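**Q** Line by line, the protein sequences are chains A and B. Heads up, the first sequence is in the UniProt record's numbering, so the first residue is 1 and it goes up one at a time. Heads up, the second sequence is in the UniProt record's numbering, so the first residue is 1 and it goes up one at a time.
Keep in mind that the hints were calculated from the coordinates and are not lab data. Since the structure is predicted, the reported quantities are computational estimates derived from the model, not experimental observations. Be aware that a few hints might be false.
Which copy? The list can't say, so a pair holds if one copy fits it or any two copies do.
Said to hold, decoys possible - DSS-like, lysine-lysine: derived pairs with alpha carbons at most 30 Å apart:
#1 K190 / K372
#2 K377 / K226
#3 K190 / K368
#4 K63 / K173
#5 K361 / K42
Now for the letters of each chain:
Protein chains: 2
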Amino acid sequence: MLSSRIGILGGGQLGLMLLQAAVDWNLDIHVLDPDAEAPCRKIAPHFTQGSLQDFDTVYNFGKDLDVITIEIEKVNVEALEALEKEGKKVYPQPSVIRQIQDKRIQKQFYAEKQLPTAEFILTENREDVSNYISFLPAFHKLGKDGYDGRGVQRLTSADDLDKAFDKPGLLEKAVPFEKELAVIVARNAKGEMETFPTVEMVFHPEHNLVEYLFAPAEISEEVNAKAQEIARKTAESFQIVGLLAVELFLTPEGEVLINEVAPRPHNSGHHTIRANATSQYEQHWRAILNLPLGSTHAYGPSAMVNLLGEDGYEGPAVYEGMEKLLATPEVFPFLYWKALTKPFRKMGHITIMDADIASLKAKADFVKNNIKVISHKTK
Amino acid sequence: MLSSRIGILGGGQLGLMLLQAAVDWNLDIHVLDPDAEAPCRKIAPHFTQGSLQDFDTVYNFGKDLDVITIEIEKVNVEALEALEKEGKKVYPQPSVIRQIQDKRIQKQFYAEKQLPTAEFILTENREDVSNYISFLPAFHKLGKDGYDGRGVQRLTSADDLDKAFDKPGLLEKAVPFEKELAVIVARNAKGEMETFPTVEMVFHPEHNLVEYLFAPAEISEEVNAKAQEIARKTAESFQIVGLLAVELFLTPEGEVLINEVAPRPHNSGHHTIRANATSQYEQHWRAILNLPLGSTHAYGPSAMVNLLGEDGYEGPAVYEGMEKLLATPEVFPFLYWKALTKPFRKMGHITIMDADIASLKAKADFVKNNIKVISHKTK
């Protein structure tokens with residue numbers, strides 16, 4: 001399987017980290033991305049510039065390859081289905097991408113498979129939403145094309161109705177939660193599964209913002225077992241081949257609910273490059289090449305901070321504070337080969353390790369306060 | 001420093017691992033290698049095919065770069081000196097490469113700096129060697145151009161004189177030794193130094209062959225302190241900027257002697273990619289970019305097995321047993337992007353980790369016995 005010709009749809013940072021992991025096995029990788037300056041451009045063994053959403057482009061890209069995978073869900077699934085019919089191995093399977101691309105189908109799938117998730121109502125358009133005022137507060141989610149926080153609106157009362165999407169979507173009950181957790185599962189074509197340890201998103205004590213990711217999550221053994229079990233059951237229900245990142249809510253009552261899933265490497269697994277025996281990226285290759293899955297054993301507690309473009313700056317990226325970070329033991333910045341910064345653009349992440357938890361958290365705070373992505377051209 | 005234009009002379013496996021480590025920091029790397037199919041070819045951001053030993057080629061390669069480094073010592077040092085004079089940062093410094101390229105100068109340097117090494121006599125040609133029969137048994141080493149075991153002959157008595165080199169070289173007393181150790185030191189331009197934990201080469205109990213590398217070395221605290229101290233002192237004596245791999249002999253009397261050194265990443269540090277907080281490759285970048293050096297803390301004991309082309313096979317490489325290896329927890333094969341195998345060619349290495357030492361050694365044996373690089377075209 002190591003000599004397969006492999007394609008990745010998408011050449012962003014997840015693709016970059018997949019390429020880095022593939023160096024160990026000499027994987028012959030072809031990357032397709034619409035952006036000539038995509039993060040993967042300079043180090044991909046083969047790079048094709050082209051649309052991920054155009055049937056012909058995706059089909060032609062894949063037709064001389066053996067295995068095709070994705071690092072972003074917004075791709076032309078019809079082309080992937082055509083390639084699958086011709087005997088190409090397409091992982092995750094196009095049918096799974098289709099189910100997950102549409103949040104309406106995704107939610108119905110959980111209901112059908114009795115996987116725990118917040119209550120929801122399907123809505124057809126904005127007017128339809130007005131029929132469910134008593135269901136608020138709720139999140140109105142666009143069925144398709146939501147991405148990275150876009151396509152979600154919180155509706156508290158009838159006054160917010162103008163914020164509702166005028167397209168097919170769903171209302172999801174706003175559940176109070178104590179923690180946001182995530183579990184990444186890998187599953188190969190033989191049906192073997194491995195999960196990574198449960199992680200948690202740590203929120204700022206005052207602002208309602210994710211401050212950093214922390215692994216392993218500080219939760220009871222019981223909650224952890226529940227989270228791991230739900231993640232495995234979800235991956236198995238989808239029969240996915242590849243990675244499934246399962247984002248979860250932990251309610252104050254100790255209930256664990258699925259928030260949403262991603263059928264690919266995920267932001268909540270970047271730290272595994274440094275902290276775990278097998279990274280999520282290597283595990284993705286193992287899963288889609290139908291190889292034995294690797295040990296997900298963690299060598300110690302870790303944290304991860306996203307490095308976002310500072311508000312107010314747009315232009316060639318300058319990383320202020322890198323030297324301070326590099327001078328701190330076991331602090332590892334990873335930059336995404338993006339020449340230009342924009343406010344809140346994901347420019348990199350920083351992994352932090354420390355055997356001592358208090359010191360780990362102190363280092364995470366230090367990191368957050370001491371690095372900034374700016375530009376000498378202000379916006 | 002992260003935005004420097006960086007050049008590597010040599011595009012072999014060490015260059016490949018340097019490139020992989022450079023992904024984290026978006027380093028803009030240019031690679032020069034005479035072989036159009038060099039391991040680095042496919043993933044280097046920039047690749048130039050050309051001789052490493054031709055003045056003009058090396059000079060022209062370096063003249064538009066900011067920082068130039070090597071992954072092999074056999075390069076045109078005059079061109080590097082010219083580049084250094086023009087203000088390029090050339091690390092390791094050309095003067096250090098010159099000292100190390102010639103084993104005669106290297107040995108005299110140890111004597112002058114009072115660094116412990118086996119007794120030696122400089123010889124001019126084969127006839128000259130015959131003057132020192134009473135000094136045998138000894139190793140006759142070629143001054144220049146010895147590499148990877150070539151350029152060394154063991155002379156036991158006058159009968160072996162025809163094996164001596166008829167060029168400038170040196171006779172080195174054959175010291176009995178208990179273990180071969182190695183310490184990799186990093187030093188940046190500020191003079192900061194960090195060493196990696198001492199490792200040992202484990203020999204086959206019957207054949208006199210290195211079986212695998214083991215980290216940390218199983219030696220007394222006293223011997224370890226001596227090895228670390230000698231390595232630091234050697235790096236400081238050379239005033240090297242970059243990595244210095246110091247290979248050492250441990251004698252039955254507990255004496256630690258320098259065998260030889262390499263001013264670059266080294267075979268004895270491959271395991272640091274998986275086992276240590278900072279790998280030797282990342283540490284090399286930190287050192288030559290004058291950044292703070294990283295923690296060399298090991299997350300646990302590890303072993304490393306070289307993957308050599310099986311004797312009797314020459315042609316397109318086939319890796320027999322990869323799946324068995326991948327099914328063993330914490331066994332990580334790394335292949336060198338070499339399409340063709342040859343007897344004893346370095347085709348890759350395998351890193352093995354295990355918190356339990358007995359189990360680590362058992363896994364190293366399992367690995368050695370279960371992977372083979374062959375070709376379906378026999379020699």
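**Q** When the structure is checked against the list of hints, which entries are broken? Sort them ascending.
**A** 2, 4 and 5
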